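K.L.:
Below are the chains, spelled out letter by letter.
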Amino acid sequence: MPDDKDALLARLRNAAELPPQRWASEYPARRPVAVFCSYVPEELIHAAGFTPVRIRKRPSRSGAWSEHLQSYACPLARSLLEQGADGDLRAFAGAVFAHSCDTMQALADIWRMRFADQFAWVVNVPTRLDGPHVADYLQRELAEFHAALERFAGNPIGDADLRASIGLYNRLRTLLARLDGLRDRMSNAEFYSAILAAQTMPKEDFIPIAEALIPKLEAAPPRVSRARVVVVGAILDDLTLPALADDLGLQIARDDLCTSARYLEGEATTDGPPLAALAARLLGRAPCPAKHREDWRRGPALMSLARTRQAQGMVFYLQKFCDPHAFDYADIRRDLEQADIPHIVLEDDAGPATAQWRTRLQAFAEMLGGTIP
Amino acid sequence: MTTRPYRRLQSTAALNRLMTAYYLRSRWIGRVRPMAWVTSGAPIEILEAMGIASVYPENYGALCGAQRVATDLCQVAEAEGFSQDLCSYARTSVGAVFAPDKAPMAGLPRPDLLIASNNICGTVVKWYQFLARHFGIPLFLLDVPYVHDDAPPERVLAYVEAQLREMIAWLEAHTHRRLNPHRLSQAVAYSNEAVRLWKEIRELCKARPSPLNAPDLFIAMAPIVVLRGTRWAPWYYRRLKREAQGRVARGEGAVVNERVRLLWDNIAIWPRLFAVFSQFIKRGACFVADTYTNAWAVSVGADDPIRGLALAYTTVYINQQIPNRARAMLDMVREYDIQGAVFHSNRSCKPYSFGQYDLRRILEREAGIPTLILEADMCDTRAFAEGPLATRIQAFMESLTQ
Ligand code: SF4
Ligand code: SF4
Numbered sequence: 000m001p002d003d004k005d006a007l008l009a010r011l012r013n014a015a016e017l018p019p020q021r022w023a024s025e026y027p028a029r030r031p032v033a034v035f036c037s038y039v040p041e042e043l044i045h046a047a048g049f050t051p052v053r054i055r056k057r058p059s060r061s062g063a064w065s066e067h068l069q070s071y072a073c074p075l076a077r078s079l080l081e082q083g084a085d086g087d088l089r090a091f092a093g094a095v096f097a098h099s100c101d102t103m104q105a106l107a108d109i110w111r112m113r114f115a116d117q118f119a120w121v122v123n124v125p126t127r128l129d130g131p132h133v134a135d136y137l138q139r140e141l142a143e144f145h146a147a148l149e150r151f152a153g154n155p156i157g158d159a160d161l162r163a164s165i166g167l168y169n170r171l172r173t174l175l176a177r178l179d180g181l182r183d184r185m186s187n188a189e190f191y192s193a194i195l196a197a198q199t200m201p202k203e204d205f206i207p208i209a210e211a212l213i214p215k216l217e218a219a220p221p222r223v224s225r226a227r228v229v230v231v232g233a234i235l236d237d238l239t240l241p242a243l244a245d246d247l248g249l250q251i252a253r254d255d256l257c258t259s260a261r262y263l264e265g266e267a268t269t270d271g272p273p274l275a276a277l278a279a280r281l282l283g284r285a286p287c288p289a290k291h292r293e294d295w296r297r298g299p300a301l302m303s304l305a306r307t308r309q310a311q312g313m314v315f316y317l318q319k320f321c322d323p324h325a326f327d328y329a330d331i332r333r334d335l336e337q338a339d340i341p342h343i344v345l346e347d348d349a350g351p352a353t354a355q356w357r358t359r360l361q362a363f364a365e366m367l368g369g370t371i372p
Numbered sequence: 000m001t002t003r004p005y006r007r008l009q010s011t012a013a014l015n016r017l018m019t020a021y022y023l024r025s026r027w028i029g030r031v032r033p034m035a036w037v038t039s040g041a042p043i044e045i046l047e048a049m050g051i052a053s054v055y056p057e058n059y060g061a062l063c064g065a066q067r068v069a070t071d072l073c074q075v076a077e078a079e080g081f082s083q084d085l086c087s088y089a090r091t092s093v094g095a096v097f098a099p100d101k102a103p104m105a106g107l108p109r110p111d112l113l114i115a116s117n118n119i120c121g122t123v124v125k126w127y128q129f130l131a132r133h134f135g136i137p138l139f140l141l142d143v144p145y146v147h148d149d150a151p152p153e154r155v156l157a158y159v160e161a162q163l164r165e166m167i168a169w170l171e172a173h174t175h176r177r178l179n180p181h182r183l184s185q186a187v188a189y190s191n192e193a194v195r196l197w198k199e200i201r202e203l204c205k206a207r208p209s210p211l212n213a214p215d216l217f218i219a220m221a222p223i224v225v226l227r228g229t230r231w232a233p234w235y236y237r238r239l240k241r242e243a244q245g246r247v248a249r250g251e252g253a254v255v256n257e258r259v260r261l262l263w264d265n266i267a268i269w270p271r272l273f274a275v276f277s278q279f280i281k282r283g284a285c286f287v288a289d290t291y292t293n294a295w296a297v298s299v300g301a302d303d304p305i306r307g308l309a310l311a312y313t314t315v316y317i318n319q320q321i322p323n324r325a326r327a328m329l330d331m332v333r334e335y336d337i338q339g340a341v342f343h344s345n346r347s348c349k350p351y352s353f354g355q356y357d358l359r360r361i362l363e364r365e366a367g368i369p370t371l372i373l374e375a376d377m378c379d380t381r382a383f384a385e386g387p388l389a390t391r392i393q394a395f396m397e398s399l400t401q
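Protein chains in written order, with numbering that gives the first Met the number 0: chain F, 0 to 372; chain L, 0 to 401.
Treat the hints as calculated values from the structure; they're not laboratory data.
As the structure is a computational prediction, the values presented were derived from the model and not from experiment.
Using N, Cα and C, we set each Cβ at its ideal position, and we do this for glycine too.
Some hints could be false.
Said to hold, decoys possible - Calculated from the model, a selection of chain L residues having no Cβ within reach of chain F, i.e. all distances over 10 Å:
{"hint": "1", "residue": "Ala-20"}
{"hint": "2", "residue": "Val-247"}
{"hint": "3", "residue": "Val-259"}
Stated by the list, open to error - Partial chain L-side listing against chain F, Cβ under 7 Å, derived:
{"hint": "4", "residue": "Phe-81"}
{"hint": "5", "residue": "Cys-120"}
{"hint": "6", "residue": "Thr-122"}
{"hint": "7", "residue": "Lys-125"}
{"hint": "8", "residue": "Leu-140"}
{"hint": "9", "residue": "Gln-320"}
{"hint": "10", "residue": "Pro-350"}
{"hint": "11", "residue": "Phe-353"}
Produce the complete structure using the sequences and hints provided.
P.N.:
Here it is as structure tokens:
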């Protein structure tokens with residue numbers, strides 16, 4: 000097996016771009032379960048003997064979503080429903096939602112009606128992430144999911160299984176954090192291939208690749224970029240945006256995205272009761288915009304991210320009709336203006352608007368200054 | 000024939016007096032009592048029992064919509080970076096906060112506290128986060144998990160109940176007022192009385208012809224939202240009920256020549272309330288039931304008021320999964336002898352509107368009634384055009400009455 004850096008990166012890229020309908024033939028020994036949110040406690044699904052696979056959006060093909068959803072539903076919800084209706088997830092054992100926004104909440108209901116013969120579960124993650132009662136509630140909610148998975152899998156999930164899965168995910172997240180520290184040793188597209196691959200590949204396959212890759216990246220010289228940016232938004236579906244940034248000489252120094260930072264952040268402890276550890280991780284990580292925590296201010300948090308990563312600007316990558324992120328944008332915009340940090344907004348509706356994004360990103364890059372290395 | 004196709008309600012005069020007094024009182028009451036801005040699904044009985052004054056930005060949004068100033072206020076919010084795709088109540092409220100000079104009554108009185116509950120939507124979480132930062136005041140979020148089951152599970156009720164107790168302590172700490180259990184029982188009693196009357200009023204609409212039409216209820220619902228827990232809500236609903244009973248006794252319908260009985264789903268199209276409904280009225284169609292005003296027909300178990308409040312506020316209509324909503328609609332179709340359903344697909348309110356395509360199929364399949372979807376918005380007049388709405392209504396009514 001060739002394991003030079005490029006070959007490893009190519010394997011990750013293939014995995015990142017593997018469409019769900021080809022997943023089962025790529026990993027025939029595994030039983031995939033579709034995951035629709037970063038708040039889904041994948042460790043439980045893994046411990047039940049399944050392979051959690053994060054499903055992202057793809058450009059629309061059949062338009063089958065319009066049987067169930069209005070055109071003012073976000074493109075992610077539309078696409079997930081379409082992929083289900085088109086049979087792309089036929090080989091998946093089931094689907095797991097987590098409570099986040101109003102749109103996902105409705106999608107979960109619609110999904111369970113449309114695919115009534117399949118396993119589908121909603122982990123009703125609280126909206127409030129603080130207060131004296133939330134941990135207890137979330138643990139009970141996780142216990143319910145645990146029991147549902149046991150019934151579905153037909154075998155018990157013991158604490159030892161669960162601890163092993165938590166250990167595996169911690170290992171994964173440690174590696175992802177190390178990759179995050181090596182962003183300047185690879186292109187944006189390479190980095191995001193790894194991040195997306197980590198969410199679609201079996202972790203057992205991803206981990207050795209990442210372990211082999213990291214020392215090679217560490218040995219590579221740092222790249223120079225014309226400017227550094229932080230990308231902020233909901234889901235990153237594919238490599239369009241990172242590749243555009245590469246073309247324009249921009250380095251994505253950090254992000255705040257569902258399928259990146261919000262996925263890789265935080266570890267669960269392996270001592271103590273596993274469900275409590277999983278609940279603590281979900282409550283402790285940086286909240287998604289659909290959540291509430293009294294002491295949490297996303298604007299200042301993002302600005303300090305930009306400072307520590309020496310980023311000069313922010314790119315908001317927003318999904319059309321996405322309420323939580325649109326509200327946050329209005330709030331963060333004010334903070335950025337006060338701090339004199341430039342930003343742009345790229346909106347995603349029907350899929351990558353490559354030409355339009357390129358023009359806007361290019362103008363932004365020029366405004367940030369610097370020359371293409 | 001010179002008879003008008005629609006009967007006006009006498010009790011509306013009492014309603015107008017009541018609501019004018021309510022808004023006038025809200026101008027000065029904040030000087031002597033803490034003032035809270037609350038969402039429509041907040042447990043207001045607790046605030047009542049503590050002597051905390053409250054106003055409802057959502058009701059204010061509806062008022063701005065009906066007065067046709069909401070679109071201008073939405074534009075103010077948009078200039079501040081709030082996307083045009085966000086709920087128009089939220090944008091109206093944000094606009095009124097930034098530009099009180101453009102807002103009716105110069106906006107709502109400045110709040111000291113914010114109480115939001117996500118039992119209606121996630122929008123209010125973000126909207127109230129904005130308000131908390133803008134005014135620099137504390138926000139309590141009563142987190143009510145959505146019911147993805149037939150009924151709320153025990154763990155959810157326990158969580159909500161625990162937060163209600165937490166909220167009382169929070170309010171006591173922030174206002175230095177104590178919760179008086181007697182006043183709470185009293186507020187719950189008023190609330191239940193209002194809810195009971197409201198249910199009875201809605202049930203009178205089972206009569207043929209129906210004494211009331213949905214737009215009457217949309218207007219009449221203001222007190223059950225904003226004055227729930229006070230004696231004023233029952234005061235008005237007794238009048239409305241008497242009037243409706245009189246109509247039933249005399250065989251008078253709200254729609255003079257009631258020929259078709261319909262069901263309405265979702266919030267009203269406030270800026271065109273009568274323009275839209277008159278399209279139905281002139282064709283003899285009366286909305287004898289609707290899901291929107293039904294949302295306030297949940298009473299509170301009085302034995303253990305906190306537990307009762309937890310159950311009542313968890314089971315509000317749009318906090319329940321779509322199959323439960325379908326059941327409620329099918330029951331209405333049967334009980335009210337309904338021949339067709341109209342869904343307002345409201346761009347503003349995603350949690351209420353998503354699922355309507357499935358609901359319409361369920362109604363068509365299981366109740367055998369035709370349905371119509373109207374794409375519009377509850378406040379923002381830029382989001383729809385009246386012409387196409389009228390055409391669709393006409394076609395639907397023709398198919399129904401053939
Ligand atoms: S958070 Fe935004 S992008 Fe994600 S499902 Fe909800 S509306 Fe869609
Ligand atoms: S989104 Fe819907 S429920 Fe929420 S405030 Fe707007 S109209 Fe009301």
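K.L.:
The structure should be examined with respect to each hint, and the outcome stated for every one.
P.N.:
Hints, one by one, checked against the model:
1. Ala-20 of chain L, annotated as away from the interface, keeps every beta carbon of chain F farther than 10 Å; the closest lies near 34 Å.
2. At the 10 Å boundary, the C-beta of Val-247 of chain L stays outside the reach of chain F, the nearest C-beta of that chain being 37 Å off.
3. For Val-259 of chain L, the shortest C-beta to C-beta distance to chain F comes to about 26 Å, beyond the 10 Å cut-off, and the non-interface label holds.
4. For Phe-81 of chain L, the interface hint holds, since its Cβ comes within 7 Å of a Cβ in chain F; the closest pair sits about 5 Å apart.
5. The beta carbon of Cys-120 of chain L is positioned within 7 Å of a beta carbon in chain F (closest approach about 5 Å), and the interface hint is therefore held.
6. Checking Thr-122 of chain L against chain F by beta carbon gives a least distance of about 6 Å; that is within 7 Å, so the hint holds.
7. A distance limit of 7 Å between C-beta atoms decides the matter here; for Lys-125 of chain L the minimum to chain F is near 4 Å, and the interface restraint holds.
8. The interface hint given for Leu-140 of chain L holds, since its Cβ lies 5 Å from the closest Cβ of chain F, which is under the 7 Å cut-off.
9. About 5 Å separates the beta-carbon of Gln-320 of chain L from the nearest beta-carbon of chain F, less than 7 Å, and the hint is met.
10. About 4 Å separates the beta-carbon of Pro-350 of chain L from the nearest beta-carbon of chain F, less than 7 Å, and the hint is met.
11. The criterion of a C-beta within 7 Å of any C-beta in chain F is met by Phe-353 of chain L, whose closest approach is roughly 3 Å, and the hint holds.
Of the numbered hints given earlier, the model fails none.
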